[in-house]
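Colleague: Dock chain B against the given chain A, drawing on the hints supplied.
Going down the list, the sequences are from chains A and B.
Residue numbering for the first sequence is 200 to 494, as defined by the working numbering.
Residue numbering for the second sequence is 7 to 274, as defined by the working numbering.
Hints were generated in silico from the structure; no laboratory data involved.
Keep in mind that a hint or two might mislead.
Unchecked claim - Pulled a few chain B residues facing chain A out of the computed Cβ check, cut under 8 Å:
1. Ser17
2. Pro28
3. Leu84
4. Asp206
Claimed, not checked - Using 20 Å as the maximum straight-line C-alpha spacing, the simulated EDC-like pairs for lysine to aspartate or glutamate come out as follows:
5. Lys225(A) / Asp460(A)
6. Lys261(B) / Glu306(A)
7. Lys274(A) / Asp443(A)
8. Lys41(B) / Asp65(B)
9. Lys41(B) / Asp385(A)
10. Lys52(B) / Glu39(B)
11. Lys41(B) / Glu237(B)
12. Lys261(B) / Asp385(A)
13. Lys52(B) / Glu237(B)
Said to hold, decoys possible - Reference listing, derived: stretches of chain A covered by chain B, where coverage requires no fewer than 3 residues with Cβ under 8 Å from a Cβ of chain B:
14. 297 to 303
15. 327 to 336
16. 431 to 441
17. 458 to 468
18. 479 to 491
Glycine included, C-beta positions come from ideal geometry on N, C-alpha and C.
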Amino acid sequence: MLRLFTAIPYVWLLILFLVPFAIVTKISLSDYAISIPPYTPTLDLSEGWAGLRGFFAALDVENFVFLTEDDLYWKAYLSSVQIALVSTVLTLGVGFPIAYAMSRAPEAWRPALMMLVILPFWTSFLIRVYAWIGILANEGFLNQFMLWTGLIAEPLQILNTTTAVYIGIVYTYLPFMILPIYASLDRMDPSLLEAAEDLGCSRLTAFWHVTWPLARPGVIAGCFLVFIPTVGEFVIPSLLGGSDTLMIGKVLWEEFFSNRDWPVASAVAIILLLILVIPIVLFQRHETRQRERGG
Amino acid sequence: MRGLSAFNIVSLTLGFAFLYIPMVILVVYSFNESKLVTVWAGFSTKWYGEVVRNEAFLDAAWVTVRVAFFSATVATVLGTMAAYAMMRRGAFVGRTLFSGMIYAPLVMPEVITGLSLLLLFIAIGLDRGVLTIVLAHTTFAMCYVSVVVSSRLVSFDRSLEEAALDLGCTPLQAFTSVTLPIIAPAVIAGWLLAFTLSLDDLVIASFTAGPSATTLPIKIFSSVRLGVSPEINALSTIIIGIVTVGVLVASVLSKRQITRRQREAVDG
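Pulled out of the complex, with its shape left as it was, chain A reads as follows (with noise of 0.2 Å):
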């Protein structure tokens, strides 16, 4: 039985994750071309060997050094990374002190506080990253609210804006970051921070030495799942951004889908992975040493 348990999802992520990412890099080996599908070439089985040749002869990288010379491309892959490190650091700021606060309020709020945190994550991100566009905009809520305390003159321009793509991301992915840091710290034994002060330490160094060591994997963890998926997000720069918020997957969809270049988008796809390669394996090694650590 349970070599059927295995080999049944074993089989089903094999096809639908793995063949196509040999697809994938099939394809941007090749060349566009006007035809459908728009590139070649195609494989064709029915010429036996001399097919098989030819198809592996006519596949060049050409598409990789296409994306070497124009500017665009390594300039999206760096400020989409630039972005991702930026927003991981502003959303720990965020979300490390709530988490904090979190696990210091009483037993009986825990449940509750968790639940509010979590209510959000379940809400559809698109309609939170649209609730943004009303609030940033010209004559958006931000904008009516400081012009009204008289802390501006003008309305800023915010939507739009790199800035506007900052605080979407910490919006939308603090959950990923507060429970993590939560569920490490929510273990702490309180009395730990009370001997700490105890033997003369002051506020700080206890918790320099007690709570940041037992908070680290949690906010380790946090880090890795709000910077991995924002190096490819797409939603919160094409709704929040402007014209000059590059970001790759922004990039790749517009490729695709306006261009219609399947052959370089999918060159595009190949190096985002590979630059996710590391902190994915990363994380992995992380959460793996973490489970067995806990049991």
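Modeller: Quick look at chain B alone, frame taken from chain A:
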């Protein structure tokens, strides 16, 4: 227990204000009379009427719910199998690849998953429609299910299964009559997660949907690109309402089950 310091209270207040104010504004302004979303012109429910009369929204909503139901169901079966196999089997050929394929989709950028699945469907000549979206959603949702179910299996007492086997159960009987009832809450949670992920997905659905099948997020995205509209606010409020009620009901039910089990444990 020292109680909350002022700093902690401030972090919680600001944090939850940040999380909830945007949604509150969205909901409040869905009852706005004016077509201009940011100017209040009196209370009205007319935009809800518009949503309910909008055939395109209703069609898309029906497609979305069907896709979510089928993909969540298949994903739950596959994900539970995968979690059980990973937990109960020691080393086997290809184990690393298997666990890699279960974890990778969790963090894979959606644009890559979407693109690669679309290219697969085209390569094998499958027409894009409801079926292709279901296949795509099942694939990434089963990985989430498997993670949720594994976390329950970790704390599962294996001797119960062994007892069933000793008493003459086949492995399948032991699984269905002993293991499955115990891990059922995690399996249900996995199904709910898979269902919501599917309802929510825009990117993968955009790649794998054909002209014959448009899901609600695709519909919302294309109208949101043109700017904020009170109709979308109303639609969003309906969705937020359904999700909130669903999550609250699920959490009350699971809490009741936990208390019942604790009581049984005390009585027994």
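Colleague: Each hint: holds or not?
Modeller: Comparing the hints with the structure gives:
{"no.": "1", "hint": "Ser17", "in the structure": "holds (4 Å)"}
{"no.": "2", "hint": "Pro28", "in the structure": "holds (4 Å)"}
{"no.": "3", "hint": "Leu84", "in the structure": "holds (5 Å)"}
{"no.": "4", "hint": "Asp206", "in the structure": "holds (5 Å)"}
{"no.": "5", "hint": "Lys225(A) / Asp460(A)", "in the structure": "holds (14 Å)"}
{"no.": "6", "hint": "Lys261(B) / Glu306(A)", "in the structure": "holds (15 Å)"}
{"no.": "7", "hint": "Lys274(A) / Asp443(A)", "in the structure": "holds (11 Å)"}
{"no.": "8", "hint": "Lys41(B) / Asp65(B)", "in the structure": "violated (24 Å)"}
{"no.": "9", "hint": "Lys41(B) / Asp385(A)", "in the structure": "violated (47 Å)"}
{"no.": "10", "hint": "Lys52(B) / Glu39(B)", "in the structure": "holds (7 Å)"}
{"no.": "11", "hint": "Lys41(B) / Glu237(B)", "in the structure": "holds (9 Å)"}
{"no.": "12", "hint": "Lys261(B) / Asp385(A)", "in the structure": "holds (19 Å)"}
{"no.": "13", "hint": "Lys52(B) / Glu237(B)", "in the structure": "holds (9 Å)"}
{"no.": "14", "hint": "297 to 303", "in the structure": "holds (count 5)"}
{"no.": "15", "hint": "327 to 336", "in the structure": "holds (count 8)"}
{"no.": "16", "hint": "431 to 441", "in the structure": "holds (count 6)"}
{"no.": "17", "hint": "458 to 468", "in the structure": "holds (count 4)"}
{"no.": "18", "hint": "479 to 491", "in the structure": "holds (count 5)"}
Comparing the model with each earlier hint shows violations of hints 8 and 9; every other hint is respected.
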